[in-house]
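Student: Sequence:
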Amino acid sequence: MRWLVVILILDVVLAVWLIGGAGHSERADLVFVSGSEHRFLDPQRITWSLDIRVANCLFEPLVQIKLPEMTPEPGAAQRWTVSADERTYTFHLREDAVWSSGDPVTADDFIFAWHRALMPDFAADYTQLLWCIRGAKDFFHFRQQQLVAYSKLTEPSRKQAEESITRAEAHFTETVGLHAPDSRTLVVELERPTHYFLSLCAFATFMPVHKVSVESQISVDSDTGRMIQDPYWTRPDRIICNGPFVLARRRFKRDLLLTQNPLYWNRDAVGVTSILELIVSEPQTALLMYDAGQVDWLPDLPAADTLASDLLAQDRDDVNLGPAAGTYFYNFNCSPALPDGRPNPLSDARVRRALSMTIDRKTIVERVTRLNQPLARSFVPHGSIPGYDAPVDAGIVYDPAAARKLLAQTG
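Taking numbering that gives the first Met the number 0, the leading residue of the sequence shown gets 0, the next gets one more, and so forth.
Each hint should be verified, as a subset may be incorrect.
Simulated pairs of lysine-lysine, DSSO-like, Cα-Cα distance not exceeding 30 Å [to be verified]: (1) K404 - K361; (2) K158 - K65; (3) K158 - K210; (4) K210 - K136; (5) K210 - K252; (6) K136 - K158; (7) K151 - K136.
Ranges between beta-carbon positions, derived for each pair [what the hints assert, rightly or not]: (8) A400 - Y231: 57 to 63 Å; (9) A247 - P335: 28 to 34 Å; (10) V211 - H178: 40 to 46 Å; (11) E72 - N343: 22 to 28 Å; (12) S82 - I358: 42 to 48 Å; (13) N343 - V211: 15 to 21 Å; (14) A393 - F251: 22 to 28 Å; (15) T174 - Y125: 44 to 50 Å; (16) P298 - A247: 17 to 23 Å; (17) K252 - R78: 26 to 32 Å; (18) V379 - T409: 26 to 32 Å.
Bear in mind the hints are in silico, worked out from the structure with no lab data behind them.
Beta carbons are placed, not taken as given, at the ideal position from N, Cα and C, and that holds for glycine.
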């Protein structure tokens, strides 16, 4: 135990030394820790919560979600109207909404960003969120089929790749319900009424990007026919933002510094002028840094180990638990036969149901995580989304006796 304490202290000393030698004399207004390096800062590609946390500082979508009411309020769009059939949304952008470069935020910036998300070329994980827009799904599959056809060419060329992209651009313009009557007006036509569309517009995938600079860093791969985005467009010296902060520094697996965007339209309402994110993979080290006053916030204490539960047991008033979307499940091979030809018992739904009946969720949250998380028996847990509650009897309950009976029936 003594050696463990010494090692942890050395970790903190090293972390403090890194902070002190970071090249800035003043402490940031807010310092927090992330447990791993960012995967993407490109809003159309990000999926991780820590990436979205930073993107919310760098980019402002059309609308924001007001907490705790969870209602949409103006963001980059000052106002919007909805047609009587609830299928057409018209957003009016703020006159004072500008990029950190000084360029105005335009409707074309949003259309370009959403277009990127719909291009299979850029591998956006949340593409399907845009499929509520008229023609969006059709366009995605059109481009997907183009790429498949291109892959079968015996002698692909740059000219063929560019012609394919030109046809895709024309199909997007003709098919997808996105229009810009002028630079400050964005019209969105939906496939059908989508009551949560404004909430979608607040999500990272729907954030704008600075069209001129991002488009200039796209090339064409003649071997695959794909458009290739230079991933370094999100470097501090390249990225152009429209949110309350700009990316001042990013050092791989060390830190990320955000400073206030002086051109942000609502800058007077921003409570801090600088945010420093430290990348610290060891939770105990992060906690010691927090207790030493080097860090203001630990947003992601891992529930999988005992750290969070130990802190709760100490009755600390600075430990706060909040709900998070985390669903864990097992995928089974349900094929009739195993690779060696033997019958696969998991192809029988009764076997899979019996296995689910043996999961004691209550014991897991009481004795393993020790955080007493709410038990979830459905993909949308009770109370997790305002306005929707899963059926009370949804899912499969813990029942080992019934599980044994089911297994006996299968032989």
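Student: Evaluate each hint against the coordinates.
Tutor: Hint check results:
| no. | hint | verdict |
| --- | --- | --- |
| 1 | K404 - K361 | holds, 22 Å |
| 2 | K158 - K65 | violated, 48 Å |
| 3 | K158 - K210 | holds, 24 Å |
| 4 | K210 - K136 | holds, 22 Å |
| 5 | K210 - K252 | holds, 29 Å |
| 6 | K136 - K158 | holds, 27 Å |
| 7 | K151 - K136 | holds, 23 Å |
| 8 | A400 - Y231: 57 to 63 Å | holds, 59 Å |
| 9 | A247 - P335: 28 to 34 Å | violated, 58 Å |
| 10 | V211 - H178: 40 to 46 Å | violated, 20 Å |
| 11 | E72 - N343: 22 to 28 Å | violated, 52 Å |
| 12 | S82 - I358: 42 to 48 Å | holds, 47 Å |
| 13 | N343 - V211: 15 to 21 Å | violated, 55 Å |
| 14 | A393 - F251: 22 to 28 Å | violated, 44 Å |
| 15 | T174 - Y125: 44 to 50 Å | violated, 20 Å |
| 16 | P298 - A247: 17 to 23 Å | holds, 20 Å |
| 17 | K252 - R78: 26 to 32 Å | violated, 43 Å |
| 18 | V379 - T409: 26 to 32 Å | holds, 30 Å |
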